[in-house]
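Student: Sequence lines, in order, name chains U and E.
Following this note's numbering, the numbering of the first sequence begins with 1 at its first residue and continues without gaps.
Following this note's numbering, the numbering of the second sequence begins with 1 at its first residue and continues without gaps.
There may be inaccurate statements among the hints.
[Said to hold, decoys possible] For lysine to any residue, the following SDA-like pairs were computed, each having C-alpha atoms within a straight-line distance of at most 25 Å:
1. Lys581/U <-> Asp125/E
2. Lys581/U <-> Ala126/E
3. Lys581/U <-> Ala148/E
4. Lys581/U <-> Glu11/E
5. Lys581/U <-> Val153/E
6. Lys541/U <-> Pro380/U
7. Lys581/U <-> Asp83/E
8. Lys581/U <-> Asp152/E
9. Lys581/U <-> Ala89/E
10. Lys581/U <-> Glu93/E
11. Lys537/U <-> Glu642/U
12. Lys581/U <-> Val92/E
13. Lys581/U <-> Pro86/E
14. Lys534/U <-> Leu521/U
15. Lys541/U <-> Gly387/U
16. Lys581/U <-> Ser134/E
17. Lys142/U <-> Thr175/U
18. Lys581/U <-> Arg130/E
19. Lys541/U <-> Ala397/U
Don't read these hints as lab results, they were simulated from the structure.
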Amino acid sequence: MTGTTLTPAVGAPLSRIEGREKVTGEARYAYEQPIEGVAYAVAVTSTVATGEITRIDASRALALRGVLAVISHENAPRLAEVGDGELMLFQSPKVAYRGQIVAGVVAESLQTAQEAAAAVALDYDAAPHDVELRPGHPRFYKPEKVNPSFPTDVAHGDLDAGLAAADVVVDATYTTQPIHNNPMEPHASLALWEDGGLTLYDAIQGTWRAHNDIAELFELDPERVRVISHHVGGGFGSKGTPRPQAVLAAIAARIVERPVKIALTRRQLFSMVGYRTPTIQRMRLGAARDGRLRAIGHDAFEQTSTIREFAEQTTIATRHMYAAPDRLTTHRLVALDVPTPSWMRAPGECPGMFALESAMDELAVACEIDPIELRIANEPAEDPEKGIPFSSRSLVACLREGAERFGWTGRDPTPGARRDGRWLVGTGVAASTYPTYRSPSQATARIDADGGFTVQIAAADIGTGARTALTQIAADALGVDAERVRMEIGDSRFGQAALAGGSMGTASWGSAVVKACKALLDQGEGEVIADTAKEVKALSKLSRHAFGAQFVEVRVDTASGEVRLPRVLGVFGVGRVINPKTARSQFIGGMTMGISMALHEESVMDREFGDYLNHDLAQYHVPVSADIQEIDAAWVEEHDDELNPMGSKGIGEIGIVGTAAAVANAVFHATGTRVRDLPIRLDRLVS
Amino acid sequence: MAEIALRINGEEHRLEIDVRTTLLDLLRENLGLTGAKKGCDHGQCGACTVLLDGRRANACLALAVAHDGAEIVTVEGLAAGDDLHPLQAAFVEHDAFQCGYCTPGQLCSAAGMLAEAEAEGVTLDAAEIRERMSGNLCRCGAYPNIVAAIADVAS
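Given these sequences and hints, build the entire structure.
Tutor: Written as structure tokens, this is what we have:
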């Protein structure tokens, strides 16, 4: 147990623990559990944007052979009010948006359930709707806080005075479109009631939180609810908390007294499981001629639904990125007749940094300063918002290292000056940041009869590599080879744990795993349960963030406006990297999603009928293999003892932050056209 | 209902099925072969890709009843017993997946593509692999690793 010649597992490029299961098809996701006698549920969704259901005729559906039930507000059980209107299925005849679940059908087979769902007839009393986020909307309001609990507005000094005193001012408005998470696995749930308790196999990023939420909704003792997610086919935030299909499965299984499963259709993912809000962002930067910032203003306008407030924290990164005496960041929201927006990879930082880092590029052009040097000149000595030190901050190192690797030196800043046949060529850079969080978690460590160790924690591996990273962390804490550790995750029975969100998974779970493993070594036998509530509470007051920089080369076809990316590089300062193989994948995946945001993704709202029009993967574009050329990730040495026992920062989200701005900045450098409205469509480059 | 015969991963099956059943639902719901995934059910994502009579096909777009007598290979049929198919081993080694949900489709598609390229006498460089693998979406963004894994096996 105390081998001395062991190579540490942390830092080694271990292949994914569950790799074999995933490449052989053995890995079972929520919908695929082999449960005897399972019935199939299909959701019926509203065809009006707002109003009330006046009549439901289920007779044709119920007459079909094999149909077990049609569920609606007329016959569904009452649920406890939990403050999330998206989960209050069948509690009233009201419709809040087009695509909301209004009925559910349960049948012996999927084919019959689908047929029956189409046979349910609904009449509505439709009301006028408003589904469009637009500048100057009369119903903009100031939310009490922004997601999850940041102040809505933060002011330092006097922004107007700072702008008036500046030599150079950038005042520009940027917009981003609604974009949908679209994990490859559609949201799915399988519900099973036994002895008044509920077991839910769910496509979820956090089983512990989900089991509490579901228990509250169904007024059950949380002990009687078990949520399991051994494998999750991506989430990117949209599977953070239970979604309507989990509630439908649980209600249906109770009504038909059989296990019931449901998988949403791809189309349904465009309404009821969240998306990134569209934003309208006004950026105001005031600087001295030498580029030193005097004033930073960032105002974000965004949407929410009428049944749940989700206030994206769009300007929070602007609060700590750069120093300036006069600063103001604000958020305003309007509640529209739309599905509720929600978390999508780096909510807040991602759209906000598109605006800030585009504006910084505009400022660099206006001041005739290299954009890297501009950022370095405005590097703050401490967190400008909170007035406290950073635990570590490697932005400058990332910019310098990236410049070296990318070959930035000697770049001619003149826009539209490099042509290669039909193609205009340019390069761009942007900074990136993401907070380093940690949340209380509980882990169990046990010595097994065969000399191995079992570690259990209600972590979720949604593709992040959590199972593998935690195995490495446990191996080092126990002083054994990784092969001797059995890491069991994805089950609410394992106790309280952070969800896979906010890039805090590994930090939160890893802390608990280390504590449990060390305590087990001290105890020398049996089993130990450890939790980290005290350590998390006792964290010193420091500003903890990861930083990075993305570098992009673009080629823009002057005939078609097509944008190609022959080279993309991200360099990050993220503390200690647990597993370089899976970490690289996370960074590249994040940057790929950022490229996608820059060039492809856009959910188009139908003003007339209140629905996202391009609600499938033929019309909603995400990158395919041919869209992604050379893309690489690197990281700088960063040692930070003020984080967690591993010294690690979260890496799931920082890759996407900054990437869209780097692309847009490169497009400006290539073409001289500043695109402030994402995505950078062909028509925005061909005029 | 209709009766059909299929040879799946080398095994004969005689099946009585609802004529509305897609090949994908037949595999997943009737036979418990859940390796082929349902990502969109519209032939737009490729997660359900299987080899149908030796060619890669979207199982969600194939009505099972229309393929009586067909030979099907799913991801479960790629490995030879405990020995992974070279593509499977390369995917693990190159970290060519994250969540794993598109992976069975990527693997079957890659296997089909290698056969196509061989039949056509095409050399598979990175650009050619990217083009030929563009029917299989990966939302986690593992494309560079997928291309590297396939290139490893192709060479």
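Student: Hint by hint, note whether the structure agrees.
Tutor: Hints, verified against the model:
no., hint, verdict
1, Lys581/U <-> Asp125/E, "holds (23 Å)"
2, Lys581/U <-> Ala126/E, "holds (21 Å)"
3, Lys581/U <-> Ala148/E, "holds (14 Å)"
4, Lys581/U <-> Glu11/E, "violated (37 Å)"
5, Lys581/U <-> Val153/E, "holds (19 Å)"
6, Lys541/U <-> Pro380/U, "holds (17 Å)"
7, Lys581/U <-> Asp83/E, "holds (23 Å)"
8, Lys581/U <-> Asp152/E, "holds (17 Å)"
9, Lys581/U <-> Ala89/E, "holds (15 Å)"
10, Lys581/U <-> Glu93/E, "holds (9 Å)"
11, Lys537/U <-> Glu642/U, "holds (13 Å)"
12, Lys581/U <-> Val92/E, "holds (11 Å)"
13, Lys581/U <-> Pro86/E, "holds (20 Å)"
14, Lys534/U <-> Leu521/U, "holds (21 Å)"
15, Lys541/U <-> Gly387/U, "holds (10 Å)"
16, Lys581/U <-> Ser134/E, "holds (24 Å)"
17, Lys142/U <-> Thr175/U, "holds (19 Å)"
18, Lys581/U <-> Arg130/E, "holds (21 Å)"
19, Lys541/U <-> Ala397/U, "holds (24 Å)"
Violation of the numbered hints given earlier is confined to hint 4; every other hint is satisfied by the structure.
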